[in-house]
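For reference, the chains in residue letters:
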Amino acid sequence: MGWIVGSIIAVGAVGVTLVYGILGVGDFSFGDTMTVGMFVVLFVVSAEGANLGFAGGDFGPLSFGWGLVVGALLAITLVVGLVLLLEVLVYRRLRRRGGGFFVFAIASLGIGIMLRALIQLIWGPGNFRFAPGIHKAIEITEGVRIKPDQIFLIGLTLLIGLGVYLLLYRTRFGKAMRATADNPDLAEASGIHTDRVRLGTWALGGLMAALAGVMLGIQTEVRFDSGFVLLLPLFAAAILGGIGSPGGAILGGLVVGIGQEVSTRWIDTGFKPAIPFIIVTAVLLLRPRGLFGRDT
Amino acid sequence: MPFDIPFNELFLTLVTFDGAVNWTVGFLTTVSFFAILALALNTQWAAGILNFGVAAFFMTGAYATAIFTLDPPQLLESYVGGWGLPVIFGWLMAAIAGGILALLLSIPMLRLRDDFLAITTIGVAAILRSIANSVDGLVNRARGLNGLPRFLEGIADEITPGEDYRWFALVVALLFVAFVFWLVSRAGASPWGRVLRAVRDNEDTARASGKNTVAFRIQAFVLGGVLMGLAGGLYAHEIKSVAPSGFSNVIGTFFVWTMLIVGGSGNHKGVLLGALAVGFFWFGIPLFQESFPDWLGSRVFQVRQLIIGALIVIFLLWRPEGLLAEQARVSRYVSRRRDPPPTTPPKDPTPTATP
Numbered sequence: 000m001g002w003i004v005g006s007i008i009a010v011g012a013v014g015v016t017l018v019y020g021i022l023g024v025g026d027f028s029f030g031d032t033m034t035v036g037m038f039v040v041l042f043v044v045s046a047e048g049a050n051l052g053f054a055g056g057d058f059g060p061l062s063f064g065w066g067l068v069v070g071a072l073l074a075i076t077l078v079v080g081l082v083l084l085l086e087v088l089v090y091r092r093l094r095r096r097g098g099g100f101f102v103f104a105i106a107s108l109g110i111g112i113m114l115r116a117l118i119q120l121i122w123g124p125g126n127f128r129f130a131p132g133i134h135k136a137i138e139i140t141e142g143v144r145i146k147p148d149q150i151f152l153i154g155l156t157l158l159i160g161l162g163v164y165l166l167l168y169r170t171r172f173g174k175a176m177r178a179t180a181d182n183p184d185l186a187e188a189s190g191i192h193t194d195r196v197r198l199g200t201w202a203l204g205g206l207m208a209a210l211a212g213v214m215l216g217i218q219t220e221v222r223f224d225s226g227f228v229l230l231l232p233l234f235a236a237a238i239l240g241g242i243g244s245p246g247g248a249i250l251g252g253l254v255v256g257i258g259q260e261v262s263t264r265w266i267d268t269g270f271k272p273a274i275p276f277i278i279v280t281a282v283l284l285l286r287p288r289g290l291f292g293r294d295t
Numbered sequence: 000m001p002f003d004i005p006f007n008e009l010f011l012t013l014v015t016f017d018g019a020v021n022w023t024v025g026f027l028t029t030v031s032f033f034a035i036l037a038l039a040l041n042t043q044w045a046a047g048i049l050n051f052g053v054a055a056f057f058m059t060g061a062y063a064t065a066i067f068t069l070d071p072p073q074l075l076e077s078y079v080g081g082w083g084l085p086v087i088f089g090w091l092m093a094a095i096a097g098g099i100l101a102l103l104l105s106i107p108m109l110r111l112r113d114d115f116l117a118i119t120t121i122g123v124a125a126i127l128r129s130i131a132n133s134v135d136g137l138v139n140r141a142r143g144l145n146g147l148p149r150f151l152e153g154i155a156d157e158i159t160p161g162e163d164y165r166w167f168a169l170v171v172a173l174l175f176v177a178f179v180f181w182l183v184s185r186a187g188a189s190p191w192g193r194v195l196r197a198v199r200d201n202e203d204t205a206r207a208s209g210k211n212t213v214a215f216r217i218q219a220f221v222l223g224g225v226l227m228g229l230a231g232g233l234y235a236h237e238i239k240s241v242a243p244s245g246f247s248n249v250i251g252t253f254f255v256w257t258m259l260i261v262g263g264s265g266n267h268k269g270v271l272l273g274a275l276a277v278g279f280f281w282f283g284i285p286l287f288q289e290s291f292p293d294w295l296g297s298r299v300f301q302v303r304q305l306i307i308g309a310l311i312v313i314f315l316l317w318r319p320e321g322l323l324a325e326q327a328r329v330s331r332y333v334s335r336r337r338d339p340p341p342t343t344p345p346k347d348p349t350p351t352a353t354p
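As given, the protein sequences belong to chains X and V, one line each in that order.
For what it's worth, numbering that gives the first Met the number 0 labels the leading residue of the first sequence as 0, then goes sequentially.
For what it's worth, numbering that gives the first Met the number 0 labels the leading residue of the second sequence as 0, then goes sequentially.
Watch out, some of these pointers could steer you wrong.
As the list claims (entries may be wrong) - Ranges of calculated distance between the beta carbons of each label pair, as one might list FRET restraints: (1) X/228 <-> V/287: 48 to 58 Å; (2) X/122 <-> V/145: 47 to 57 Å; (3) V/287 <-> X/76: 55 to 65 Å; (4) V/285 <-> X/83: 29 to 39 Å; (5) X/182 <-> V/23: 23 to 33 Å; (6) X/169 <-> V/133: 14 to 24 Å; (7) X/182 <-> V/289: 55 to 65 Å; (8) X/84 <-> V/247: 23 to 33 Å; (9) X/145 <-> V/191: 53 to 63 Å; (10) V/247 <-> X/277: 20 to 30 Å.
Think of the hints as simulated: they come from the structure by calculation, not from any bench.
It should be emphasised that the depicted structure is a prediction, and the values quoted were computed from it without experimental measurement.
Note that beta-carbon positions come from the ideal geometry of N, C-alpha and C, so glycine has one too.
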């Protein structure tokens, strides 16, 4: 169970760590952009979507089919569009005025409030599911049971991690992104279109938010604050891995997710949300730059 | 008819003089608690501290006073404390509890990672709510603590026998606002406050001048925490019951941030104005709820939430100094040490050359 939650946190944390490390924006609306992605998929796979001819059968033992694929593509398009719009309308203007982390953080806080309110205005405060019914777990070996969906989620996480690694370290655009993160002025002087790089980074962050949102929706119930409650775990994973390090974020996500689930063996479940907080505090005291972060 | 105002009961209570007075008394009392929160937040903000966990401090203060002033648990209730102490003692403990929480949360500041403080604080309210909700025998779980004594109820009867208690509560709340306003203004203008501004504007220079900048930051954070705890203590005795669900991020944190940004961060008078304006918007809208069309009337809470989020973004973009600006220093409040300096040079209050 911890592996699944950890995978979802890992994918989201990759987005958080890139946006934080490369753009200097601690995005406090990241969880809510995830939620937007979840609800877009919900719309497509639910009755409204079926009326438009989206729903399809299931893929073998998985709980979802073509409807989810269409939904995910639509979610990615809309969420990426949303964050690009926010960069152009809000963050770019604040940056040009000389705003830093604090201003970005407060702006993203306001944006997050608006997104949660909008989702509640449209869908209400209830709980929803992508697919009704119960899906049976299969037994891999003696005593180890896992749902097919969950194998899919873990596999997807590894694939996403590999993709982001290749993009960052094997393409020119990835190089430009890392250069912008190191020194925006120098990057600009070297002929890198930093505005374009920023848009690309936001798009990548939005892609991660949408994917993490879709994954979360497959695993759990869909609520207006599903993503928001993951905000601290997401940041904890990014900080543990080292801000700006996607590989670290994936490892951090798994540690946070598994840590949360394992903790309930020893402590009251009420303390479970405190685990990411404890991890952040411990990282700060022992190794402030995180596992794979660069020395600042 | 679009302009047809329904002559409903609520409207009737408002148009009568007594109804309007009653509403205003309750409104100003409630806004007072939020004004204290906003002033406390402003004190931290002015020291370059980003606290996204106001609700946690507010909740801690409210629970602290409840534990000390309530009577022992009765049948089907279970909580620690219940010592039945006087409300004034409860307020003191609320303030202390807020300060202790701030101390516990100040670890990121020791490591000079103020950005991480924002991240750790945003989760704290949810953690405290989760603990309060699920741990047995701590604070009566989700049912909350009920039947708190109203503040100074006995004394109120002696001073103003037969008078409406609400007026007394309002006066006490306003006195506290005045006291907190005086305190944070004095602190800001004192040598201590000057060091804080220096720490915020240029930490390296402040440190080179021999100031222990980390200690100053933590002091400002703790002062804010103490005041937020106090606000929670005052609030608890006004509403007379505390439950985890009453301390959401929306009302406890975001609402207060909107007051700060709208009013004018850095300027205590602006923050008071912001508290009044945003508070009037938030608590005033439900008065007209019944005259809204159905689709809107049933979603007033979400619409209010949408608007306080939008106000934050709109003010940051188009009026970063807020309603009341603070003497030409505002651009510095919205920049950070590690960022490039603002494009416009800060105005120097002292002339560089005098003939």
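### Query
Quick check: which numbered hints come out false for this structure?
1, 2, 3, 5 and 6
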